[in-house]
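Undergrad: Sequence:
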Amino acid sequence: MTTLLERPKGRASAGTALSGTLPQVNLLPPEVRAARGLRATKRWLAISLIVTVIACIGVFGLALVSSAQADAELAEAQAETTRLQEAQAQYAEVPVVLAALASATDARTIGMSTDVQWKSYVDAIAAVLPANVSFDSMTLTAATPMIPAPAPIDPLQLPSVGQIQFEARTSVVPDTSAWIDSLNSVPGLRDAWVSSATVTEDESGIYYTVSATVQVSDAAYSHRFDPIEGEG
Numbered sequence: 001m002t003t004l005l006e007r008p009k010g011r012a013s014a015g016t017a018l019s020g021t022l023p024q025v026n027l028l029p030p031e032v033r034a035a036r037g038l039r040a041t042k043r044w045l046a047i048s049l050i051v052t053v054i055a056c057i058g059v060f061g062l063a064l065v066s067s068a069q070a071d072a073e074l075a076e077a078q079a080e081t082t083r084l085q086e087a088q089a090q091y092a093e094v095p096v097v098l099a100a101l102a103s104a105t106d107a108r109t110i111g112m113s114t115d116v117q118w119k120s121y122v123d124a125i126a127a128v129l130p131a132n133v134s135f136d137s138m139t140l141t142a143a144t145p146m147i148p149a150p151a152p153i154d155p156l157q158l159p160s161v162g163q164i165q166f167e168a169r170t171s172v173v174p175d176t177s178a179w180i181d182s183l184n185s186v187p188g189l190r191d192a193w194v195s196s197a198t199v200t201e202d203e204s205g206i207y208y209t210v211s212a213t214v215q216v217s218d219a220a221y222s223h224r225f226d227p228i229e230g231e232g
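Heads up: the sequence shown runs through residues 1 to 232, numbered per the working numbering.
Accuracy of the hints is not assured; some may be wrong.
Unchecked claim - Below are the SDA-like pairs computed for lysine to any residue, each with C-alpha atoms no more than 20 Å apart in a straight line: (1) K119 <-> R224; (2) K119 <-> R39; (3) K119 <-> L101; (4) K119 <-> S137; (5) K119 <-> D218; (6) K119 <-> S222; (7) K119 <-> L140; (8) K119 <-> M138; (9) K119 <-> K42; (10) K119 <-> L129; (11) K119 <-> F166; (12) K119 <-> H223.
Think of the hints as simulated: they come from the structure by calculation, not from any bench.
Build the full structure now, drawing on both the sequences and the hints.
TA: Below you can see the structure in the form of structure tokens.
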């Protein structure tokens, strides 16, 4: 049952010869050495098992903490959602009112897109009347959002957005050229034309009846109801 220590024979001989060490023998039976190795293996297995269990417990604990944190965040989000839904219910009519306001604004913009302050133009035409000339009648014709402007009465006239036709009376023949120039000088008016001047007689005496027309350009639009930047 004598057994030499497990060493390479060449190294053992060299060690004995050079280092002065004596040969060693292991008198323990192989079963004892195997039992000791088994105990060491079991010890390491137990340590590994303990470490594994501790790691599992740690991971489980972290999972519990994360789950609790997620549940808290979910509860907070649900509470915030409920609050926002309640606030939304309070202002449910706001989108309806805003839509109605936008619709009314658009309708106003479209409906008044052809707005002209006619009184100022009537006053301007009256202001440039020659001396001893007075109106007998006046007709205003203009485009609307649904109806286009009347066509020019003369092919040389530019397209317009409206037309003013009037008849006037005068005791003398007017200077129609100067009168036309005066009408065309009014901003928003152009292509004035005196179409006729006829002699008329009634109880008051003899006078001249003058028929004239002047075109209204888009410069006459007031733009009073155009959308304002930032409105609404």
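Undergrad: Taking each numbered hint in turn, which are not upheld by the structure, reported in ascending numerical order?
TA: Violated: hints 2, 3 and 9.
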